[in-house]
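There are 2 protein chains.
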Amino acid sequence: MAVTGDLVALTAIEAAEKISGGELSAEEYVGACLDRIAAIESTVHAFVHLDPGEALSQARALDERRRNGNAIGPLHGIPVAIKDIFDTADYPTECGSALLKGRRPMRDSTIVARLRSAGAVIIGKTVSTEFAYFHPGPTRNPHDLERTPGGSSSGSAAAVAAAMVPLAVGSQTNGSVIRPASFCGVYGVKPTHGLISRSGALILSEALDHVGVFARTLADSALILEVLAGYDPNDRDTRPVAAPNFLERLAEDPPVPPRIAFVRTPVWDTADAATRSAFEALAGQLGDSVVALDLPDSYAAGWDDHRTIMAADMAHRLTAVVERGGEGGSSQMLRDLLAEGSKVSAMRYLAARDAARRYRLGLDEIFGEYDAILTPATMGVAPKGNATGSPAFCTFWSLVGLPAVTLPLLNGEGGMPLGVQLIGQAGDDARLLRTANWLNGRLAV
Amino acid sequence: MAVTGDLVALTAIEAAEKISGGELSAEEYVGACLDRIAAIESTVHAFVHLDPGEALSQARALDERRRNGNAIGPLHGIPVAIKDIFDTADYPTECGSALLKGRRPMRDSTIVARLRSAGAVIIGKTVSTEFAYFHPGPTRNPHDLERTPGGSSSGSAAAVAAAMVPLAVGSQTNGSVIRPASFCGVYGVKPTHGLISRSGALILSEALDHVGVFARTLADSALILEVLAGYDPNDRDTRPVAAPNFLERLAEDPPVPPRIAFVRTPVWDTADAATRSAFEALAGQLGDSVVALDLPDSYAAGWDDHRTIMAADMAHRLTAVVERGGEGGSSQMLRDLLAEGSKVSAMRYLAARDAARRYRLGLDEIFGEYDAILTPATMGVAPKGNATGSPAFCTFWSLVGLPAVTLPLLNGEGGMPLGVQLIGQAGDDARLLRTANWLNGRLAV
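Residue numbers (the numbering used here), protein chains in the order written: chain A, 1 to 445; chain B, 1 to 445.
Derived from the structure by calculation, the hints contain no laboratory data. Careful, some of the hints might be misleading.
The list treats identical chains as one, so a pair stands whether inside a single copy or across any two.
For lysine to any residue, the following SDA-like pairs were computed, each having C-alpha atoms within a straight-line distance of at most 25 Å [unchecked claim]:
1. K343 - D90
2. K343 - D354
3. K101 - V321
4. K384 - A274
5. K18 - P105
6. K101 - E413
7. K18 - A118
8. K384 - R442
9. K101 - P255
10. K18 - Q332
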């Protein structure tokens, strides 16, 4: 029988196979993850709510179901960590805010319900920055405790990176999945806007919010995306179309060698010198597969359009609760943003929303010719200190709602991980994963 | 063979049957309508673009197609008048504004393309108020030339009322289908928001704009709605679901006697005394089928929410073109609205959009118990003079996007027509038409 150390090194797919085949019980596997958490949580601080008894009881119930010959789902017995902005009926959901201390939702969010239906164990709730915005929580980067894990899905990224769990769910309004995944050296996927329901989640901006996932392999990302994707009448940005079979598509060979557009973007100069040269080298290494491409000049306004929409939508959503909390209840950073958002005019807001649509239509042309856009995930490796780092390399892709994945293929300062971001065509998340898998094959050692 | 006078009295369904059976040619029928237009257009002023030669040439081509044994559509040879805010490739589209004088679109709007595919003859473009807002065009009410036909779909309502055409298309952002239909004594239908595509139409507000229809019978309304309804990838408020068979549903007997909620609404006191007593009498006449019901008090804010959304959306859409035109290019009324809209904050706008969703959800409860809401279409009969009258009895139903139909069942001052408005559940336009047909049977003489 496997020892604890071995078990937490399993991928979700390996563990699910062993559990499905009876080689491993959900209780043993969840127990191994809980042991790992117990050993390092006091230094990493990934979780805000954790109830080992409740997690083990879910696992035992799943083992019982399997023993009784019931059908089992694709995540049967797999522990998944959930960012604490998604409602759970069994744990509090506090959204990283003192104002919501002790809040206990009545019902699971749609993504939690889907995970449970697939047999997952909801192992606990992970640290989010305050209201999924910038003010950091206590989580540290498992690769270097002096550094930030990034935000806002800080705990989810750190928990996967530290092998506390094989899978975690986060969210991205600006750069909150791709950035912490890059900083923590794991795979992060922010799928097409509307692929995954946000019903029962903290909403900052319906236009910008995406549910995303963290895993230590691309195939594990595909496994959980397949469970999460789908139409939900309670999220009007989801669509009543069948979700693709991500795992199957991921494993396919591309019919022709993918063509990649290397897009530096208007924030290129904000990346540090090491990152810039790492990406130039990477593009060079890929040879004919990669062509450098500039976005149209007008797209530089996209960063301000994103800021406008985010500030106005968050002011709309959060002003009442933050005002009730007074000055002590929230960070100055958040209150400043809400004040900024309250000053946005409807005309400016609507113009920014229209601009986002125009950028998206324009990008469709690129995807007529290229399979994916290659660009940095972050300006560099995770910075030291508390600040969660800049989302600038994610902002534009959140604005246009295109699927993005970051691959932990590079290393920077101090050996810290640095993500390689690929962007795909809206709605074609499966092709993006296939292209990412191809890139992995080309570059992985 | 029928004489001209008889032909224009035909319903669209009757005419389509005769044309389909070879008893009448499209050329004869369109010719009869053109004769009728020639006789009275100089007093009614329903059309802004009319080219009899072009209309007859469409009709002859349709006759030729039928003679050659080709399949024919449900509107084969039926002339339809189009509000001049819908793009047409064969006529200018000027949206009632001097600023767009001579504008010639390259392509048909989706609704015009759908009509052509169904065999309709696009007979001409009808007068719209300036940018489908309040500033009136030259159209007069066929029942009394001293009175307004209502707006903004002035020409479409008047053309159907004057038997120039059996069918016409209009649009409603506030009360621009239901009000002119009520004033002109014809059936008007404003279907569920998103049932009919607005691609290629002047957009004032994606949230509030609806395509609607005018006809002299309910069955004719159903006939054209069936042609117009449907998913259009170019209008993201349309849905990829099959449109119902309106004609078939209309003719069904309700499985149980419909229950009607008589809703006076917060604007009840703005209706004139004759209208209020006519509706009280009507509700009484329907006996047990009707129950008086009040909307929740909070819904009174809906009228201001509508104004907020309309002003901000129109400021977003029209400010640039109106500013280019200077003071002489547009009405003071329009410029005042745009100035008002430019001052709306994004937070106020987003709150109004949220409120509209809340009202709609609340109304769903009413439709769990009632088949339709009964309420006046207008404050009273068409007023004298140029002003197009108040849309107040339509405003709330435009805000929430519920289907509305007005039936020309009452008469008021000077024998002028007065519409009876029924509101149905979102998405169940077919049931609303069936209920309207039942009401017709109960009340028609």
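Hint by hint, which ones does this structure get wrong, listed from lowest number up? 1, 5, 6, 8, 9, 10
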